[in-house]
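*Asks:* Start from the sequences and build out the full structure, keeping to the hints where you can.
Number of protein chains: 2
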Amino acid sequence: MSSPNNFNIISVGNELLNGHTLNTNLHILCKSIENIGGFVSRAYIVKDDFAEISFALNNSISDDSFWIIFSGGLGPTYDDITIEAISKSLDLPLKINNDALDMIKAYYDKLLKTKIISNYNLTTTRKKMALFPIGGIPLKNNIGTAPGMLLSNSNKKIICLPGVPVEMQDILNCEVIPLIKSKIIKKFKKEIIVSLNGFTESDISPILELLNFKYPDVYIKSHPKGFNEGISEIQLVISSVTNSLSNSSDRVNEVLNLWNEMIKKN
Amino acid sequence: MSSPNNFNIISVGNELLNGHTLNTNLHILCKSIENIGGFVSRAYIVKDDFAEISFALNNSISDDSFWIIFSGGLGPTYDDITIEAISKSLDLPLKINNDALDMIKAYYDKLLKTKIISNYNLTTTRKKMALFPIGGIPLKNNIGTAPGMLLSNSNKKIICLPGVPVEMQDILNCEVIPLIKSKIIKKFKKEIIVSLNGFTESDISPILELLNFKYPDVYIKSHPKGFNEGISEIQLVISSVTNSLSNSSDRVNEVLNLWNEMIKKN
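Top line first, the protein sequences correspond to chains A and H.
Numbered according to the numbering used here, the first sequence spans residues 1 to 266.
Numbered according to the numbering used here, the second sequence spans residues 1 to 266.
Read the hints as simulated data drawn from the structure, not as lab findings.
Warning: the hint list may mix true and false statements.
Remember, identical chains collapse to one label, so a pair may be satisfied in a single copy or spanning two.
[To be verified] Under the rule of at most 30 Å between Cα atoms (straight-line distance), these lysine-lysine pairs were calculated in the DSS-like manner: (1) K225 x K110; (2) K31 x K225; (3) K127 x K95; (4) K31 x K221.
Note that the coordinates shown come from a computational prediction; the quantities given were computed from them, not determined experimentally.
*Replies:* Shown next as structure tokens:
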């Protein structure tokens with residue numbers, strides 16, 4: 001069953017697969033979602049291609065995610081096809097969304113007013129950014145031209161964000177996070193990171209396994225950081241998400257205490 | 001049909017989905033593959049979970065990729081399950097691979113010799129890193145403990161690399177790139193990046209569409225970079241991959257010349 005705390009993310013763009021662009025958007029999205037108690041259960045990175053976008057969308061619809069977040073492919077160029085691909089995939093015809101068109105006009109009016117441009121026409125290319133499938137709701141972009149989009153379909157919330165990082169983050173923070181918070185089952189996260197010197201991952205693995213068995217609800221993970229002046233470094237993350245901050249803290253502290261006890265004996 | 005130039009990448013690790021870790025491995029893999037004439041057609045990011053790894057593997061096997069590259073989940077801890085998940089998914093029993101075991105022993109012997117550790121046992125946890133499905137071939141890791149793995153299955157090459165970036169890159173450069181180069185249909189890439197000031201993406205979109213229509217084999221993509229002191233900045237990438245460097249250069253130059261002509265008229 002799909003939980004309102006469960007997300008899939010679909011990053012769209014050839015530049016993410018041909019090595020041009022490091023996918024910082026996915027990282028920011030995951031961090032922001034985790035921080036408000038949600039969790040990303042899977043991510044796809046696909047090309048600017050109808051079949052690829054449709055593949056990731058259909059798989060996300062059929063799994064247990066409630067939110068499907070796209071980033072990339074909302075701009076005015078010919079290869080920005082995310083919204084058109086969603087419309088085709090869900091068989092929802094495209095239509096000019098007047099609210100989206102007003103946002104686009106307001107953006108160019110602002111450029112005109114601040115003398116960044118001296119004139120503009122609402123060309124087909126520009127109007128393209130207001131073409132939404134029936135039911136699509138625009139999400140205001142305070143930084144760039146293309147509005148984001150929210151679409152409710154198959155009991156899921158589909159959200160489209162631009163690929164330009166500053167624009168993605170603006171819509172995420174101003175529009176999407178408040179929306180998620182209104183639906184999500186409220187969770188609180190407590191996390192501590194312990195630095196360990198002089199142990200290899202193999203040394204601590206049996207302790208981690210035991211802790212994980214005893215506390216399956218707590219996230220306990222080691223990250224090897226290599227050697228510093230011949231001494232092995234490991235980062236240990238202990239993290240708990242529960243319905244209250246004090247419960248989360250209690251769980252983390254329990255694990256930490258047991259960890260300290262066991263590592264002393266090692 | 002699967003082409004030897006076609007790759008899928010599967011990044012495994014909860015830390016990539018909970019916002020802890022930026023997926024630089026995927027970026028490095030994509031860049032390295034593109035640079036030798038291959039292309040990554042899709043990427044998945046999945047949790048440390050049997051069903052999730054199996055989902056991505058099965059989809060990759062059924063699509064047109066020839067190479068399936070995993071990164072992450074090869075270490076000694078209980079949640080490092082990539083190879084076990086592949087073995088279950090393909091119904092290939094796990095067995096200690098003696099070559100892999102020798103590599104692991106050699107690694108700990110080195111730590112012993114350089115006095116980083118004072119003794120070691122080949123514990124179950126350490127031996128786990130040598131458990132390979134039948135047919136798996138170890139790929140030497142010069143930096144850390146866990147060897148990578150190469151497995152030929154269903155006319156595909158499955159490659160497993162560690163998640164620690166320096167280890168991933170070591171095996172990629174020393175073992176995987178030479179292997180790929182021996183199978184790939186040799187291609188040469190020429191790319192130029194043009195910086196544009198004073199245009200919005202909407203302004204240049206019709207030109208890009210026309211160029212793309214005229215040169216479907218050349219990659220032509222604009223990346224808006226925002227405003228610098230009130231002036232819009234765009235990066236235009238023109239890139240061609242053909243069977244010779246001179247052909248690639250010719251295609252890029254043709255597009256660049258036509259681009260310069262058309263932008264002057266704008």
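*Asks:* Now look at each hint and say whether the structure bears it out.
*Replies:* Now the hints, each set against the structure:
1. Within a single copy, K225 and K110 get their C-alpha atoms only as close as 48 Å, which misses the 30 Å cut-off; across copies the closest is 18 Å, which meets it.
2. With identical chains, the CA atoms of K31 and K225 are at most 30 Å apart both within one copy (21 Å) and between copies (24 Å).
3. For the identical chains of this complex, K127 and K95 are intra-copy neighbours only, at 10 Å inside a copy versus 60 Å across copies, given an alpha-carbon limit of 30 Å.
4. Taking the closest pair of Cα atoms, K31 and K221 come within 30 Å of each other both inside a single copy (17 Å) and across two copies (29 Å).
In summary, this structure violates none of the numbered hints.
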